Structures are given as C-alpha cells and as structure tokens.
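Protein chains in written order, with the working numbering: chain D, 1 to 338; chain H, 1 to 338; chain U, 1 to 338; chain E, 1 to 338.
By construction, these hints were calculated from the structure, which means they are not laboratory data.
Bear in mind the structure is a predicted one, so any value in this text is a computation, not a measurement.
Don't take each hint at face value.
Heads up, incomplete: computed chain D residues facing chain U, CB under 7 Å, no partners named [stated by the list, open to error]: (1) Ile2; (2) His29; (3) Ser31; (4) Gly33; (5) Val34; (6) Arg36; (7) Ile38; (8) Ile42; (9) Val63; (10) Ile65; (11) Arg240; (12) Tyr242.
The beta-carbon is built from N, C-alpha and C at its ideal position, and this holds for glycine as well.
Number of protein chains: 4
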Amino acid sequence: MIVVMEPKADEAKIQAVIARLQELGLGVHLSRGVERTIIGAIGEKKDNAIEILEAMDGVEKVVPILAPFKLAGRELQETPSVVEVDGVRFGDREVVLIAGPCAVEGEAQLFETAELVKAAGGSMLRGGAFKPRTSPYAFQGLGREGLKLLAEARRRTGLPVVSEVLDPKDVELVAEYVDMLQIGARNMQNFSLLREVGKTRRPVLLKRGISATVEEWLLAAEYVLREGNRAVVLCERGIRTYEPATRNTLDLSAIPLVKHLSHLPVIVDPSHAAGKWRLVPALAKAAVAAGADGLMIEVHPHPDHALSDGPQSLNPANFRRLVEELRPLAQAVGRALA
Amino acid sequence: MIVVMEPKADEAKIQAVIARLQELGLGVHLSRGVERTIIGAIGEKKDNAIEILEAMDGVEKVVPILAPFKLAGRELQETPSVVEVDGVRFGDREVVLIAGPCAVEGEAQLFETAELVKAAGGSMLRGGAFKPRTSPYAFQGLGREGLKLLAEARRRTGLPVVSEVLDPKDVELVAEYVDMLQIGARNMQNFSLLREVGKTRRPVLLKRGISATVEEWLLAAEYVLREGNRAVVLCERGIRTYEPATRNTLDLSAIPLVKHLSHLPVIVDPSHAAGKWRLVPALAKAAVAAGADGLMIEVHPHPDHALSDGPQSLNPANFRRLVEELRPLAQAVGRALA
Amino acid sequence: MIVVMEPKADEAKIQAVIARLQELGLGVHLSRGVERTIIGAIGEKKDNAIEILEAMDGVEKVVPILAPFKLAGRELQETPSVVEVDGVRFGDREVVLIAGPCAVEGEAQLFETAELVKAAGGSMLRGGAFKPRTSPYAFQGLGREGLKLLAEARRRTGLPVVSEVLDPKDVELVAEYVDMLQIGARNMQNFSLLREVGKTRRPVLLKRGISATVEEWLLAAEYVLREGNRAVVLCERGIRTYEPATRNTLDLSAIPLVKHLSHLPVIVDPSHAAGKWRLVPALAKAAVAAGADGLMIEVHPHPDHALSDGPQSLNPANFRRLVEELRPLAQAVGRALA
Amino acid sequence: MIVVMEPKADEAKIQAVIARLQELGLGVHLSRGVERTIIGAIGEKKDNAIEILEAMDGVEKVVPILAPFKLAGRELQETPSVVEVDGVRFGDREVVLIAGPCAVEGEAQLFETAELVKAAGGSMLRGGAFKPRTSPYAFQGLGREGLKLLAEARRRTGLPVVSEVLDPKDVELVAEYVDMLQIGARNMQNFSLLREVGKTRRPVLLKRGISATVEEWLLAAEYVLREGNRAVVLCERGIRTYEPATRNTLDLSAIPLVKHLSHLPVIVDPSHAAGKWRLVPALAKAAVAAGADGLMIEVHPHPDHALSDGPQSLNPANFRRLVEELRPLAQAVGRALA
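Isolated chain D (complex conformation) (with noise of 0.2 Å):
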C-alpha cells in the first residue's frame, strides 16, 4: 500500500500517517518527491487500513498494491484448479456444455429439454426452480417441484444439474436435488447466500454481477472459498452498460484477465448477455476462441411459450447447429466439446 501525501501536507501530517502505519504494525518506508511526499507500507496487509488511511488529513489517495483476494489468486495456487461435478470437469482440457431452459415449466417441457441437450451433445443440464424475476408479478419458478423435475431429468439423461439458489434458508433443499449450485448475477453479492453455499459440498457456479468489477468478482468467489468449499467456477454474463440494442454486454475480456489472476475455471453465459437468440451462436464462439472452460446456453423446444426469456433461448435446430459449429471451433484452439 502506498500512501501519496497533498502536494501541501505538512510535517505533522506526514508524522501522523507515520505513527498510524506503524500502529497498524506496518513498515514504512518514505520518499520525498519534488512535488509530493511518498509513504510505502511494507508488510502484511491490514483489513480496513486502507480506509484508514484515506480519511487522514493531508493524504491525496492510497494506492494499494496486493490483490485483495487470497484463495482465489494465483499467488498461492498457480496451476488451473478443475472443478468436477459428477463426471464433468471444469478447467481441463475438454470445453463444458450446460444447456437447457431458462426455468423449468413442467414435465414435457423439461424433459423434452433434457433428451435434446443430450442428443445433441451437451455435458450438462441447466434449469431453473426459483427465479429472481424483476417483476413481482412474473413467473417466479416451480419450487421444490422444479427441483424435483430436474433430479427426474437427471436420471433419465445421465446429465448433472446445475440450478439457481436464491435464499440462504433453501441452499440445502437445493444441494438435495442438484449436482451445482447456481448463484445468479442478482446475488453475486449476497454474503449470506455465499457463505451458505460455502459451507456446503456441492460445487458452485458463481455469475459476475451486472455491474461488478472482475476484483469483486473474485472476492465474491473467496467468501465462498473460505467457507471451505474450493469447488467454484466463475461464469461471465455480460455487463451492464448503455447500448440498448443488448440486454447486456458480454466482456470477454474477463476470461483471460480471469485466468490471469486466478486459478478458478471460467465458463460464459452468451444467452443473457445477448438477450437475443440471434446473437448467441456468434458470441458462443467468440468465448470458445477466448479460453472459456465452456459455455451454459438457453434452449427451449418452443422458446415462443417460454415462461421466461423465451426470447434469448434457442430453438432445437439452432441448438444443434450451434453444437456442430463449435467442435471444429474447440479443436482449433486446441480443445474438444465434452
């Protein structure tokens, strides 16, 4: 941490800032520029000192230097982790593939969903039972029952679920049912919730938030690394900024800043981002070529009755197409579809 002093800071207040780092138990290590004066904290970083330090008179800013994040860096962990969940393996050589529907509406919808994704090749099942849904007044899942349907679709397929858990009270009802555990964008900085899935077993697929930074993003993934559970795959989703002609914008940019500064496997979610069927299939492929571990796609067989986002969600046909299109694109940066 690095703490620049006000062009006018006087010596008492280069003094202060002094005696606070070494109250804090840091070094100190001064430099005194032509135009500014310089304060280096050398040792352990402090919760909060930087806050500390940032409210004391005559400091310009503090500027720190170490990630914030422990676990879910690099810097204790170098080699990629693989997250496996019942068979599949995140942050291996093979490109995951989770489809499946927005929410699961019922019976032949979600199995109908499930014999397709398999079919065509997908790795995993997605759907969701509770859905946090802008509007009080929309669709706001099955429940129990959804899950219930999933772990249905499970055994009939062979394919692991993945589902979205929304409160810290219904984290063990849904780790009862499903392979993964969801936590949507909405949630990304729900502590209760992470700490929740923390301290189950199951593994967690953990959205970016709408607006979080790729730091928050992982600082979301070591509430939940703390807790115990290692197991966490991040998913990027898209951002919120101001072109309207997207629901949102996907970042691609986080896959190899992500793999840069974590060990943790990455996977994108096209489909929301978009928010559009039609953009998919181009944004699919572009995370492929990115390094994404893989991919988790809306697919409907009638995205036109969907009872949410029926508008982003592929048709079985594009689905299939979409699939075929991706292998050689996987081979060609020296990967597979799983």
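Let chain D serve as the given structure and place chains H, U and E on it in line with the hints.
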C-alpha cells in the same frame, strides 16, 4: 403493448401473433404501415406476454406501454405518501436528516455520534450492525451487539434508528431493535429479503441498486408493497459509471423522476455516492434543492479511525456546518429542516 | 510516478526499470516490500514515461502521482479564475444564467426568445447556428445566417451571445459574430478544434464529453489554455450511463471536483442532461445548490415546433417560474442570480 | 412512429397530435386502449418528427419504428458489401489482418515493423501520423513526415496502408499518401470530418466511438455514405464501461448486430479495447470466431520504447504466434486468413 413486425414478416407470421394475443385474452388493433405492420394489444397486462411475443417469428420488437409497477405507481395513488417512523415524517414538508456512522463500532463511538447528530439537529440515527463488505476480510459488523447499542442510543437521544438487514432470517431480529429496516444497494434485488421485510410492519428504506434503473427500483419497492407493507422510502445513493474520481455517480434526476412516476418519498445518501467527504456538502445541498425528502449522511467522531467508510464520513465540525448551510436552503425551496 | 513490479520480477527486470528511469532523467527510490518491489520515480513528469514503463517486462502497473494537467490545475494557480464575457462574469459571486433555443431557426423564433430571456433576467443568450446532429437527415443549423441573427439579437437585447463551433475552419467566422465560443460534448476531444479556439481571444465554453472523465475534461481545457487563451469556462451536461429514463445522467459531483482540482469556472446544462423539460427545474436548482457558477438552459417559445431538442426545452412560462425559484436559492448558498 | 399518450390526455390533446401528424404529411392510425390512447403515424419518416411530437402536451413518449439509417442499412441493400483497398477485400471470405505500430515514430521503427507484418502474413499496415492524444503534452505524431514514411513502407512491402485523419483540412493530404482513411473513436461524431472523407474516393475505416451505440455508429457511417463514398468499413474497438481492469470493454455482440442491421464489413481492434498486450490474443481469436471481417492489431518491434500505446502492443514474437493461432481458427469458422 405494441408488437412491431419485421419488414418482411409475411401474413402467416402476422396472423400467428394475432392468434397468440387472442389466446392471452388481449384485444388486437392491427395497423399496416408503409414499411411495417404494427399490432397493438389492448387489455390488461399479462405477465410474460412481452417475452412470449418477442420470441415469436417475424417479431422485431415489443414495446411496453404500461408501467410495470402498480402499487408503487401514480396511477392507483395520485397523492404523495407520507411514511412515518416514530414521529419522523418522510414525504411531508420537512426534510428529514438521518445521520450516523457507517458501522456501529462500539459504545463510545456510537453514543458520541448519536449525541452529535441530536445536537446538530438530525432527526434519525443510522448505523450498521450487519455490514455487506466486498471483501470477506473486512469488518463485518457487530451483529446483535450492534443492534443493542443502537437501541440504547435511541433510548438516550430519542432519535429513531435505521439499520441494514442482509439476510431474510435476520429480519425479525433487526426489526425488534430498530425503527426502520434498510435494504442496501447490493440487496435491492434480493427478492427473498424484500418479501420478508414486506411481511413486517416496520418502515423500509430501500436503496437503489448500484446499477438499477429507476424502473427496476420501483419494481423492487413493489415486492415490498405487495406483501402489505406500504411504508417504503426510496434512497438514491449513486450509480456505477465509468468515472473513477468518485465512488459512484449521484443521479439526482432520480428525484424528479421518482416523484413523477411514484407516490413514494425519496431521500438521498450523498456519502456513498461521493466516497469522499469533501464532496458530500455540495451533493447534500444539491439533493435538497432537487426536492429530496431527506438526506442520509455518514458522520464519525474520528473518520480516520473508522472501521469502514472513513474517507466519506464527515467529522463533527463539518457535519454541524453542513446542517447550518442546509437550513436556509430548505427554506429557499419551500421546505424546512426537520 | 510509482512502478509496481510483479511478484516474481527478478533482479534483472528491476534493474532494467531503474536504468530506464535514469535514462529518462528521473530520480529513483527503491522499496523492497514483503511481496512486491516498488520503484518510485522522482523528478519532472516525462511525457509518455508511464506507457513506456508499463510496457516493460516484469512491471505490473504504473501509478501516476501528479495530475496530468498544469495550466488548468490548482497547483500553478490557487485562486479561482473569473472569466469575463462582455461584462458577464463567470466564477464570481453571481450565478450566470445563459438561456435560449437549441438551434437558431429564424428571426421570429430567435428574437422572441431573446426578449423573453432578457425580460426574465437571463445574462446571456445561447443558440446554435452549426448543429452537430446524430443523423445526417436532421436539421443541421442555419450556419452563417444563424450567426447574423444571433448578432442582431445581441444588438436588440444587449445580451452577449454564445454559439457552438464544429469545425476548425469556422472558428474565425463564428468568433466574428459571437461573444463566446462553445465546444460541444462531441468535440471535447477534437484537438484541432481546441487548438484553434485556443488561438482566438474569445472566451470558450467547454462542454464535458458524453463519456469523459473529469481528468480528460481538464486536459481538453489544457489544450485551449496552452495556446494562450485563458478564458475557459467548463460546462457539465450529463454523462452517458445505462439509465434509459433520462437522455444522460447529470453528474453534479463534477462541480465540487472541478473546484477542488482546477481554478476554472464551471456551469451546468441541465437541459441536455435530462432530455425532458419536466426534470430541468429540479436539476437547475440542484446545480446552483452544488456551487455551479452558472446555468445554460434551453428555452423555446413553442417547444412543440422546435427544429431540435423540443422535448427538453422549457416554454416561456416554465422558464420564468424557474428563474423566480432560482433567486432565493442562489441567495441561500451565498450567491445571487446575475 | 408511434405516439403514446399520457393516461390522462384528454380529447383536445389527442386531436392536437393528430393534427400535427397530418400537417407533417403522415397518415394516422388511432388506437384507444383500456388505459392509454396510442396514435400510429404512417408514411415516410419526417426529420425531427419524433422530437416535435415528444414536446407536445399530453404525449408520454414517441416510439420510433423505422431504423434511422438508410444507406447503411439492410433494407436498401440486402447483400453484404465488399470493400476493396488496393486488392485487399473486406467483407469477403478472407479475414483481413491489419497490423503495425500505434504511431509512426521513425524510419527504422516503421520499416522494421512493416517487414515483420508482411513476413508474418499481414495484409495491411497501420500507423498513425496524426495522433489524437488526451494530453497536449504527449507525442502528437510526425504529421506529413509520418505519411511519407508510410508511403515508403508501402513501396517496400507492397502492403496497403491505413492511417488516421483528425482534421477536415488534412483529409486531402492524408488521402494523397495512404490507401485507407481512418476515422478514430474520438472523431466518430466529428461530422465535418465525416463529410470530408465522404467526398474523397478513399475507403474509410470508421471506428466506433468510445460510448457510441451501434445505431449512432451506423448513422456516422451514413454521413460518409451520403456524400457518395460507399467504401466504409466499421471497426469495433471497445466501449467505455465501469470496469477498470481493461482500457475499454470489447463489445463483440456488435459484430452479429452490425451484420444483422447493415451490409457494411466490420473488423475488430482488440489492442485498444484491452489496453494490455496480454489480453490481445484471446480477444483477437474471439473476434474472428464471432465473425469479424478483419483485425487491426498493434505491433511494435520494442513495445517498451514505443512513443504511444506500448503496453497494448504485441512484440514480434507474440505477433507471429498469434497469426499462427488465427489460421486454424479462421478455417474452423469457414474462412481463411488473407
């Protein structure tokens, strides 16, 4: 709702949309333009209808006409709501001043601040017992201990108290100790939590999410209102933008916008928006001039020893000065400081 | 400037950075921390040094310490500048009110508006003769004809006139007819144009770019100042964010920020920020309360016949009402309406 | 265009809107819903009609139906355009690779880079002679000297050359020396400049503005096309968002979007988007997978001595490796590297 067809949508596609609208129980109004066919849907809004139609073949876009919120909107209730918290009235002529530390850190800090707020003319005390922190390594609040201190501070000063609740399971606990439940920006779309506070009879202070639109914010309020709790006060606290010089960008246009769309009172938190105490007075004054029904300001007896948000907290002298500056300003816009 | 080395940067890389700093004529201050080596550069800022160092092997990041602007900053000039335009003083005790139509449309419209502005108490007249329009099919302004009408309006009312210039080759022409040259948001980084207006002795009104940081804005001012024209007034007019309910998001924190970083006067254009006349009065009042040195407001005798920006223009009655509301407000913050 | 009336708009207001539409020569289609009256306007789009109507009393909003661009759109020209630059074809099966330094710095640097680009398989050379720099103190380019060097580099390697033009008065000069005129992000809405390059017969590379919507970008292209120059290639180069870890956020959804809305070719500049060379290869590959018609990549023989943009420039070894990785990828999406 208006369905705009693609330029090349043929008659079959147009008829399919009409059939679907009728299926949904909506009236149909067909308009064939020079380049586009447009289909108006007449009748009650149907959940999910927009998504269903957008997913149909030949549909270019669907334009919603009605506001998606009902209880929060002006159409059912024209007159502004006044929300009362133990004698303090939000939405009335007086501008409510809430102040206090970011986090409750201990007896001395809290009681000293409470006396200061009281003496300077504040109407309510704020203080966090449960703190949502980006990093798991940062101070997370004193929990129940903090709530007890808040209750004691109220007993000493007579100031009603507002504090944040993070987890649905803590709602009852927090409601036992404080007068108003705060939903923080990170939880604006934590729908379980919104429903839970909606079930209590404690007034709710609902902060705008860091990247929420005004419409999404009003829909979050709708979640609370719909459970039967009509005492909702909105709080603008800055949105995330590209500008690095401030923590967030305070969006004061939200005040006249909310007043136009909704009957709910709206206050402003300039401290979190700015992230720097130096900017707080200007923004606080701007908020009152823009018509805010109140302010929520972070004050700390010793900002450079604060366990959180020190850099954006006013010290006692600056706080007192601000209050004095706010008085004539409130009068100049036809109001008064409570 | 501080160079933060990567955790694994070896001695050779550290020495290479030191050698490069010395080559650039900078002093070196080496600090070896527990996990990182940090190298401070002491001396005059060298153009491009940050980029050069960031591109070196083993460098994690380079943190600038000094503000990149000089003439616009507070370090060379501590006292606020007052910019005078034909008797109107920006940056002094009085709040300057500029008003007028978005575009000059013709004699009747302009003269009627000018009389209205004058009668209501405005200090300057605005009006576009060259209009930057997103679409090539929209009204592009009357050009030289419009400038002549502006000069005639000034003759009739005595109000100084400000108008936008879009092209370096038109600077001389526009400067011949108007009292203050406006650089619009789209041209904030049109450096040829900035240099050209910098060569005139006409005061310049420099709007903030639609996605410019405050630092970039001050650097744009620096381009003008550096050519010898010290009469620069800044104008905040809203930045682009994700919120669709307003045309832009007015960033009022820019006012105290600019006042902290720079000696230049700063005014606010609430009309372009809001994009809706209904929101303009609240934002205009907020701007004055936040410390703006002036306002620029769009007024039109018949907004629903305006050739541009009708929806955000106040009609005469609303404009007069706003001016009356601004008077006591300006007084409440220790100023007066000019 | 559809005019949505306010819920309480009375008959007089409705009739006024109808009268105005008729005045504008538009047909009228009236639809009285349960809660709103909606008025459709049928006929040719009238400039400014939307603004005029939005400013009318009783109008809640006006929804445009037709795309505002014509020559850039798919409606007048269905088949994709191929833009040829001295034998290099944009928009055809081959993916065009443009590479070179950010700025032309001198003979040695440029010729060395040009040979490298040629040898590695690039199709065109880039290099800035006029540089738009945020700070007036940064290197501004060699101007005419730089153009001469570019022409000489073309003579030596046979690679066509693209270079940026900043000022309308320099268009002729730049067009004399280079094969393709680049309009940079900061000048996307410099309409004088757009018109000027539209008058030449040099192909134009039009970068997306740093906060431009796709629609605004296509309207900027429309300015060029409308002057008679049909050889426009679009270039996505990242947009400004809140994420600090990258210089900009590359918006790859712009590729399928542009392809859907327009017949113009579109390429991608991953270097400016990322701002860090480490992220460039992943984004370059993603762009090709998403369907880009070309790439523009910054290469420098010695990035740590570059006079601008060193941190985002690939060194020769990394550039050669990237080209080799792009070959199989282009094939996997049915294309080839030129």
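The hints, checked one at a time:
no., hint, verdict
1, Ile2, "holds, 6 Å"
2, His29, "holds, 4 Å"
3, Ser31, "holds, 4 Å"
4, Gly33, "holds, 5 Å"
5, Val34, "holds, 6 Å"
6, Arg36, "holds, 5 Å"
7, Ile38, "holds, 6 Å"
8, Ile42, "holds, 5 Å"
9, Val63, "holds, 5 Å"
10, Ile65, "holds, 5 Å"
11, Arg240, "holds, 5 Å"
12, Tyr242, "holds, 5 Å"
Going through the hint list in order, the structure satisfies each hint without exception.
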